[in-house]
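Student: Please model the complete structure; the sequences and the hints are all you need to start from.
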Amino acid sequence: MPNLISVAARFTRSVHIRHDFRDLRHRLDGYIVTPLVLQTTARIVGGLHPESRERAFSITGPFGAGKSAFGVFLTHFLVRNSSSRRTLLRSLHVDEHPLPLDVPSLVPVLVPGNNSSLRRALVQALVDALRTWHPNVSEQLSQHIAEALHEPALDPVQTAILVEQTAQYLRAHSDYAGLVLIIDELGQYLDYAARHDDERDLFVLQTLAEMAARSGDAPVLVVTMLHQAFEHYTVYAGAQRRIEWAKVQGRFVDLAFQEPLSRMVRLIAAALRPAGTDPLREQRLQWAERMVPLTEALGLRPAEIGSHEWRQIVADSFPLHPMTMLALPGIVRQLAQNERSLFAFLASDEPWGLRDVTRQAPDGTVPIYRLSHLFNYVETNLGARLFARSLGRRWAELVEARADLTGVDPLLLDTLTVVGVLGVLERAAGMRACQSHVAFALTDDPSDPTVAAALATLQKRQHIIYRRFRDSFVLWEGSDLDLELLTQQARRTLAERYSLCQLLMRYADTTPRIAYRHSYRTGATRAFAVRYVDVQQLADTMTVPAGLAGELLCVVPSDEEELSRAEHWACHPDRRQETARIIVLPCHVHEMREMALDVAALRILTEEHEALEHDRVARREIHSRLIEAEQILRDTLAEAYGVQSRWFYGGQHVPVANARQIDDLLSKAADETYRLAPHIWNELVGRDAISSAAAKARRNVVVAMLEQADQALLGIQGYPPERAMYASILQRGGLHRQNEQGTWEIGPPPPSDPLRLLPVWHAIEAKLMEAGTQSLALAALYTLLQQPPYGIKAGIIPILFVAFYVARAGEMVFYEHGNYVPVPDMAMFERLLARPDYFAVRLCRAEGMRFVFYRQLAETFAPQALTHQVQPALLAVALPLLRTYHQLPAYSKQTKQLSPQTQAVRQALREARAPDELLFELLPLAFDVPPVSEHASVSLEQMHTFIEQLRQSMRELQEAFPRLRRTLLARTMRVFGLSDDGVVAHRELLQRYQRIAAFTNDTQLHALGARLETAVPDGEAWALSVAALVVKRPPDQWHDADVPVFHAVIADLARRFHAAEELSVTAPMLPSSSREVMRVGITNGNGEMSRVIHLSAQSDVQRLRSEVQALLHRYAHLSTEQQLGALAEVLQQLLLNEQQVA
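445 is the number of the first residue of the sequence shown in my numbering; add one for each residue after it.
Please keep in mind that the hints were generated in silico from the structure rather than gathered at the bench.
A portion of the hints provided could be inaccurate.
Taking CB as the label site, the calculated pair distances span [unchecked claim]: (1) P1374 with G1162: 52 to 62 Å; (2) E1035 with L929: 15 to 25 Å; (3) T1458 with H1330: 27 to 37 Å; (4) D1425 with P1374: 48 to 58 Å; (5) P1233 with T531: 51 to 61 Å; (6) R497 with Q933: 30 to 40 Å; (7) T576 with K1211: 35 to 45 Å; (8) T987 with D546: 22 to 32 Å; (9) A1278 with D546: 51 to 61 Å.
Just so we're clear, the structure is a prediction, and the values are computed from it rather than from any experiment.
Quick reminder that beta carbons are idealized off the backbone N, C-alpha and C, glycines included.
Tutor: Given below as structure tokens:
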């Protein structure tokens, strides 16, 4: 028959947000403004309220839901003035609406989906918007945007700043108040960022959201549109990265854009409604007359649609069967726009489509389009692609089950098909595969006996099974296990072992509940643990798990008496102090135990039953049942402990009417518990466990705080991650600012305290003051700040602590592993960032007489300390003294060649554990002066005497090693007979060595020569090198005992040197036949006698040597010393005889 089915063109055309906004033909003609459109628009426009911080929105909805068309409508609404908005709504037949018409007009920056870099697309869209709406933009702003467009590594912060500057410029120089930035199909950009591993395209969204929240009277609205959550685009990323992406999305107000079923069926009816003459009018009316009572009896009419409207919808959607019409939105939602959309199906001429089925019918008849037709259409036109969808397994099971029924009664095949399709839909629109719904879908008669018989046959043949807790049939592939029997046995065992409360804690969903409003306002995510407790457990105080803000106690009473007792406990005055506890009393508990037992039994079977390991079909069926049972339990618990239950907080009943009020209560509890929490928005460090990249950026911020606090932006160049960290904490918190002299410095939060940092600052100060003279473990301080009432995330605490240290550097000291750190350096701070549990801190204070004493010391040893903003800056005074001590060589740190007072000063510098202990106790004691207390009485004369003595001792301490160096030089020059000038002496001794080098084999003299040749020929360096050779240790490492050793050994070395010189002078004058030259000498109390001789090879000399050796051998009973003594006396007499002859 001729095809009488047509679909209006406006339902089948896709929307391109930028082109459709510009194209007059496709702007808003025929656009249907639904309640969802009005509600979403009102929520976004509400962000323009002057005090609102909600200006970043994420519109999430399935493909083909109309998000892009909504974006066009939103753009038209925001770009107009109030009168033009009124005209727009009137033209779209919107008479009653909640939209404010007098909000500011905004310039639209439209970013259509594109598989490229989001940052570049944003800047290009900014260029296009200015060209369209305000072409005469300033040269400076135009240049900034042009530079950004060509920047190879465009920074997220830079991008957000450009958008902010543009909005401010438009407010000052145009009729528009700001910008609305609409990013359509954001998923394409996120997919690009995920594939290219470029986090900058993700963090530009964070910076835009943060910028929009603070955009003030030059508002920037950021609206993104995508079909799934951010983290779903990181399919192959790790869990941590997916969390990072989810956190960024948390900066946006998530608005679900999914038309309810009632709206979708209205659209189906509108699309199929004839525009002109309707040849099927009578058939439509008769069809509706027959179908409407049946659908209402079966509970199929959507609750939002009245009976009269439902009748019209059923008539307009003819020849779609009502169950087919109700199934279409759910099926299309599963298959997604890129495969099929709702209106593409209605207008399609493909096999088994609506138009195809009606076209092939005999003339004069109009076939009803049923669920079996719809399945044939999906299977024929999608084929294998059908199995790649999210519920592809269920479609595959249906295809396999149908294949097993080939050649049988067509009713059996259609019955199986309807059961399978309804199973895929998962109870959508109230439909389920019960006997009455299946019969109605097939024959229009809910009680048709032939369908009941077909269901029984399919169940007997194990093609389908009946699920009691759902009152529905599902496909069944067959198994040797009796799953019903196994489930019942597990239920009985569990029922005997566990109470309902225990079952719920073990098997119900206890995911912590997040306090969204509080989390968004403070920048710190707070979640409440969910605990199911019976009345007897209420009195037990349990510690809230680490990382959670409090607990949500869901009371599980066994009867009305226990429910009354629980209410009395919840209203007790003691509850007023329990700010972190919320109590919920259920509206009912019936059937809850049965549902919990179902979940528990199925979970036990999946985890413990060995037979399931080898039965894939049974395992899959149990898994499927478990998913359904868990969902039913979740729904039941959500109802029992939802808006209809009774909520208590602080000993009072709190009315709760919707999910928003539940979040308000959670947020109120978080507000009370963390009443002194700062408001810091930074995703990098606003958490307890930060990434390695965030840790690196935090380290860079700490380095800049310690080394570049006197520079704007802490000297940070460009827009690295640490720039955003600095801006969100130090800059916005007012911790880094210019003082009255225009100098940049880090100090306490200002009185305005924009981030509420003053309570934290005071808490750090109070905790340190409380410790007094004892050191405070840094881990204990961090724990204090993490706990209520502050609740600061662990990633932020080190930045705040270092800021406090820099502001109070003059009076704060560190201990590492219990040891005082006299000179904190960057290496120490890096260790502190990595392991704060190794460190302790203490504040050093000086008041009363100690302050007077401090000022006298500062004027002498550290005048710059008096200019510090922290007074008294004790560490600034102690540091020069401590640095002097730590820079001393080891010799100076141990020698006793100092006055007793100087040795006492040195001991004080070595043993001091804090600046105040050093300055006011140990140093005075070194000069027999009593420790200086706050209330001591010390005259200025006494102070000046002490300071002068201290100065002399420090000078003596510094002079200890130079004095030793001078002594070593003088002694060396004396024993070698050198000039008094050190440089000349070095040259003389080197030249003398060079003359004897060839005539001596003495290794020590050659070592001396090597030192002389390589030493720096200044006044003392060569002498120190010689001294190190002599004592075998550098002089700066000597002990006092090494000095006399040096004197003795250097004298001996000089004697050997002189002897070598004599030898070198005599050797050239000896006969050439001399075999060897030797110097012999005798030293006694009368001096030294020596003689240079040559050893002769004459026979008489050889005979004399042999006789002397034989004589010594004859007296071998004498010791070597006795033999040498005798020979020495003979040698002495020979030398005396020679002198007398001479």
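Student: For every hint, state whether the structure bears it out.
Tutor: Status of the hints after comparison with the structure:
| no. | hint | in the structure |
| --- | --- | --- |
| 1 | P1374 with G1162: 52 to 62 Å | 57 Å, holds |
| 2 | E1035 with L929: 15 to 25 Å | 22 Å, holds |
| 3 | T1458 with H1330: 27 to 37 Å | 30 Å, holds |
| 4 | D1425 with P1374: 48 to 58 Å | 50 Å, holds |
| 5 | P1233 with T531: 51 to 61 Å | 53 Å, holds |
| 6 | R497 with Q933: 30 to 40 Å | 57 Å, violated |
| 7 | T576 with K1211: 35 to 45 Å | 58 Å, violated |
| 8 | T987 with D546: 22 to 32 Å | 52 Å, violated |
| 9 | A1278 with D546: 51 to 61 Å | 56 Å, holds |
Of the hints listed earlier, those the structure fails to meet are numbers 6, 7, 8, in rising order.
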